[in-house]
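Number of protein chains: 2
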Amino acid sequence: MPAEPSARRTELLEAAYDYVLANGLADISLRPVAEAIGSSTGVLRFLFGSRDGLVIALVERARADELAMLDRLPDSGLLSTATALWGWLSDPAHRMLLRLWTESYATSLLAEPGPWADFARSSVSQWLAVLAKAQPAAVRRTADGRAQCTAVLALLRGAMLDLLATGDRARTTRAVYAGLKAITDQWSWPNDEEFS
Amino acid sequence: MPAEPSARRTELLEAAYDYVLANGLADISLRPVAEAIGSSTGVLRFLFGSRDGLVIALVERARADELAMLDRLPDSGLLSTATALWGWLSDPAHRMLLRLWTESYATSLLAEPGPWADFARSSVSQWLAVLAKAQPAAVRRTADGRAQCTAVLALLRGAMLDLLATGDRARTTRAVYAGLKAITDQWSWPNDEEFS
DNA sequence: TCGTTACTGACACGACTGTATCAGTAGTGC
DNA sequence: GCACTACTGATACAGTCGTGTCAGTAACGA
Chain A
2 MPAEPSARRT ELLEAAYDYV LANGLADISL RPVAEAIGSS TGVLRFLFGS RDGLVIALVE
62 RARADELAML DRLPDSGLLS TATALWGWLS DPAHRMLLRL WTESYATSLL AEPGPWADFA
122 RSSVSQWLAV LAKAQPAAVR RTADGRAQCT AVLALLRGAM LDLLATGDRA RTTRAVYAGL
182 KAITDQWSWP NDEEFS
Chain B
2 MPAEPSARRT ELLEAAYDYV LANGLADISL RPVAEAIGSS TGVLRFLFGS RDGLVIALVE
62 RARADELAML DRLPDSGLLS TATALWGWLS DPAHRMLLRL WTESYATSLL AEPGPWADFA
122 RSSVSQWLAV LAKAQPAAVR RTADGRAQCT AVLALLRGAM LDLLATGDRA RTTRAVYAGL
182 KAITDQWSWP NDEEFS
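Residue numbers (the working numbering), protein chains in the order written: chain A, 2 to 197; chain B, 2 to 197.
Hints in this document: simulated from the structure, not taken from any laboratory. Computed from a predicted structure; not experimentally measured. Among the clues, some could well be false.
Heads up, the list lumps identical chains together, so a pair's fine if it works in one copy or across two of them.
Claimed, not checked - Computed list of lysine to any residue pairs in SDA-like fashion (alpha-carbon distance at most 25 angstroms, straight line): (1) Lys-182 <-> Ala-171; (2) Lys-182 <-> Ala-138; (3) Lys-182 <-> Ile-29; (4) Lys-134 <-> Ala-171; (5) Lys-134 <-> Ser-123; (6) Lys-182 <-> Ala-133; (7) Lys-134 <-> Arg-170.
All chains, full assembly: derive it from the sequences and hints.
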């Protein structure tokens with residue numbers, strides 16, 4: 002629907018993206034951003050409409066990096082898919098992006114309206130869908146299959162949180178590898194017992 | 002060192018705590034808080050010194066809830082300790098507290114100085130210590146024992162993130178139960194192989 | 001040459017921020 | 001009665017915020 006963004010817009014968006022990767026997205030304001038990228042608030046408002054318009058564009062820009070990675074995943078089993086995901090999550094080159102992701106996730110948990118709406122929820126379902134695709138078809142649609150994907154995702158996300166805080170890649174990677182192995186190998190498939 | 006806080010201070014702190022549980026902590030400002038709790042900015046500044054002083058007091062207040070829970074944990078094995086932790090994490094009564102925790106965690110990943118300094122890192126090590134205490138002593142000090150605690154913590158934290166976003170307690174609980182079982186039962190103890 | 005489009009930057013406005021100052025009050029101990 | 005402490009609330013200040021306005025420029029097609 003919206004015409005493709007102008008070259009100047011994408012250029013300034015990339016510059017602003019670098020800025021928020023380093024400085025956070027939650028409490029950015031137009032004037033510091035404009036100064037950092039060599040522009041002005043008038044230009045930002047002209048290209049993005051408003052502060053919220055800029056924030057939305059930046060969130061979408063960040064998500065584009067995430068989606069590009071998900072698309073590059075090999076078509077293989079759950080274990081190797083999850084391992085590939087951890088390779089991406091634990092890459093130091095992505096640390097600032099994942100910090101930004103965490104910030105956006107936390108923000109979206111509070112503010113239902115606004116640029117963040119549904120960020121957390123849709124991110125969860127997107128990753129779960131990727132993991133489910135790596136499962137055997139017979140399992141994919143069962144409640145326990147969904148739970149297994151949920152456990153894998155939780156392990157990855159939790160380890161990412163740990164890594165972001167401690168920087169301890171060796172410990173978190175060891176935990177993810179052995180944890181993934183345990184979850185994918187030894188998953189206990191209850192016959193639909195009751196879980197609270 | 003600081004004299005114990007006055008009765009009025011703790012009274013207003015509790016009121017402000019209720020406010021930030023509902024409204025978030027990152028971008029609170031004195032005037033709205035003061036109005037919400039029936040006070041004034043002058044009083045808040047008198048009792049807490051500054052805005053940062055209030056934020057620090059609120060972060061400590063939130064952490065007090067967390068520490069109180071950790072202290073109430075039964076002295077049992079890793080699996081039952083982790084299960085008890087999940088019981089607390091998944092309790093709807095704690096949802097706002099955990100949302101606030103997530104927000105503080107994300108904030109502390111960016112701003113090294115300020116009220117948030119070390120919040121994330123110390124929270125990780127605190128929970129890891131609790132889990133390690135539930136391990137057999139022989140395992141506790143090995144790299145792989147630490148990795149197992151890390152995996153358990155990651156599973157719990159990740160599932161909490163999922164639950165906060167989706168509200169799907171059945172799926173996340175099922176994932177945590179089976180995931181914990183897999184990690185504690187079937188943990189593969191490599192003989193110090195190399196992990197990246 | 002003219003009009004159109006994309007973009008730029010300067011300025012002003014009202015709202016909001018944290019902080020400072022300070023007179024005033026209720027309670028307590030002497 | 002007097003001093004002292006804890007607390008209250010009003011007011012003011014300088015700074016930053018998002019937004020609105022608007023003249024100006026460079027590129028380009030007709």
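Going through the hints against the structure:
1. Taking the shortest alpha-carbon separations for Lys-182 and Ala-171, both the intra-copy value of 17 angstroms and the inter-copy value of 23 angstroms come in at or below 25 angstroms.
2. Taking the closest pair of Cα atoms, Lys-182 and Ala-138 come within 25 angstroms of each other both inside a single copy (20 angstroms) and across two copies (24 angstroms).
3. For the identical chains of this complex, Lys-182 and Ile-29 are neighbours neither inside a copy (41 angstroms) nor across copies (43 angstroms), given an alpha-carbon limit of 25 angstroms.
4. Taking the shortest alpha-carbon separations for Lys-134 and Ala-171, only the inter-copy value of 21 angstroms comes in at or below 25 angstroms, while the best intra-copy value is 29 angstroms.
5. Only within a single protomer do Lys-134 and Ser-123 lie at most 25 angstroms apart by alpha-carbon distance; the minimum there is 16 angstroms, versus 37 angstroms between protomers.
6. Proximity of Lys-182 to Ala-133 under the C-alpha cut-off of 25 angstroms is found in both arrangements, the shortest distances being 17 angstroms within a copy and 21 angstroms between copies.
7. Taking CA atoms no more than 25 angstroms apart as the test, Lys-134 paired with Arg-170 passes between copies only; the shortest distance there is 23 angstroms, against 27 angstroms inside one copy.
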